[in-house]
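**Student:** Given next are the chains, with one letter for each unit.
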Amino acid sequence: SQKIEQNSEALNIQEGKTATLTCNYTNYSPAYLQWYRQDPGRGPVFLLLIRENEKEKRKERLKVTFDTTLKQSLFHITASQPADSATYLCALEGGSYIPTFGRGTSLIVHP
Amino acid sequence: DAMVIQNPRYQVTQFGKPVTLSCSQTLNHNVMYWYQQKSSQAPKLLFHYYDKDFNNEADTPDNFQSRRPNTSFCFLDIRSPGLGDAAMYLCATSKSSHKETQYFGPGTRLLVL
Numbered sequence: 001s002q003k004i005e006q007n008s009e010a011l012n013i014q015e016g017k018t019a020t021l022t023c024n025y026t027n028y029s030p031a032y033l034q035w036y037r038q039d040p041g042r043g044p045v046f047l048l049l050i051r052e053n054e055k056e057k058r059k060e061r062l063k064v065t066f067d068t069t070l071k072q073s074l075f076h077i078t079a080s081q082p083a084d085s086a087t088y089l090c091a092l093e094g095g096s097y098i099p100t101f102g103r104g105t106s107l108i109v110h111p
Numbered sequence: 001d002a003m004v005i006q007n008p009r010y011q012v013t014q015f016g017k018p019v020t021l022s023c024s025q026t027l028n029h030n031v032m033y034w035y036q037q038k039s040s041q042a043p044k045l046l047f048h049y050y051d052k053d054f055n056n057e058a059d060t061p062d063n064f065q066s067r068r069p070n071t072s073f074c075f076l077d078i079r080s081p082g083l084g085d086a087a088m089y090l091c092a093t094s095k096s097s098h099k100e101t102q103y104f105g106p107g108t109r110l111l112v113l
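Sequence order for the protein chains is X and G.
Per our numbering, the first sequence starts with residue 1, numbered consecutively.
Per our numbering, the second sequence starts with residue 1, numbered consecutively.
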């Protein structure tokens with residue numbers, strides 16, 4: 001069966017460090033993968049999209065990698081700030097052209 | 001600002017009492033989606049419209065219905081809410097269905113008493 005796995009345990013890091021979140025998937029061959037940010041009680045907000053033929057994408061302090069061999073995407077936030085604390089969801093296109101979401105990983109950045 | 005609006009933000013209903021959640025968008029996007037999200041879980045797609053074409057997910061209960069009277073508005077009707085339907089309901093839009101970013105509304109938190 002198809003699975004999207006994101007670490008259910010919160011990631012706690014100190015301000016200024018790089019946060020790295022992981023999204024693993026099985027039985028998908030996604031044409032693209034997206035990362036969203038979700039704050040408590042709010043809807044997800046789009047951050048980055050990376051296509052299957054792209055290895056890496058950057059936007060300001062954010063970097064996403066996509067390894068279709070390992071079936072994994074890594075999401076990095078450099079120089080993290082307390083304001084980056086949120087849940088980060090990955091979503092990937094599962095063949096029906098509509099993205100399927102993972103459950104997300106909570107990031108907590110301590111001052 | 002162009003956006004996705006959901007009303008109300010919080011909805012309390014009684015067990016078995018029909019409830020309607022609404023979503024409107026000023027983005028003029030073709031596709032509108034309804035998701036259900038329970039605590040610490042992934043948003044689960046219930047259905048979506050591509051223009052007027054309605055697409056129901058196979059595992060969406062019959063208790064959930066939707067209407068899209070025009071491009072801007074979409075409604076989620078829960079005919080007989082059960083305790084298990086308490087969740088955050090998210091409306092989203094995308095310009096077209098393929099490889100497009102989704103824009104989400106703030107969600108409606110539904111409580112069933």
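Each hint should be verified, as a subset may be incorrect.
Calculated Cβ distances over 12 Å to all of chain X for the following chain G residues [said to hold, decoys possible]:
| no. | residue |
| --- | --- |
| 1 | R9 |
| 2 | E57 |
| 3 | S80 |
| 4 | A86 |
| 5 | P106 |
Only pairs whose alpha carbons sit at most 27 Å apart, straight line, appear in this in silico BS3-like list of lysine-lysine [what the hints assert, rightly or not]:
| no. | chain 1 | residue 1 | chain 2 | residue 2 |
| --- | --- | --- | --- | --- |
| 6 | X | K55 | X | K71 |
| 7 | X | K17 | X | K71 |
| 8 | X | K3 | G | K52 |
| 9 | G | K95 | G | K52 |
| 10 | G | K17 | X | K3 |
| 11 | X | K17 | X | K63 |
| 12 | X | K59 | G | K95 |
| 13 | X | K55 | X | K17 |
| 14 | X | K55 | G | K17 |
| 15 | X | K3 | X | K55 |
| 16 | X | K63 | G | K95 |
| 17 | X | K71 | G | K44 |
| 18 | G | K95 | X | K57 |
| 19 | G | K17 | G | K44 |
Think of the hints as simulated: they come from the structure by calculation, not from any bench.
All figures in this text were calculated on a predicted structure; none of them were measured in a lab.
Built from N, CA and C at the ideal position, the CB exists for glycine as well.
**Student:** Against the structure, test the hints numbered earlier, and report the numbers of the ones violated in rising order.
**Tutor:** 1, 2, 5, 8, 10 and 14
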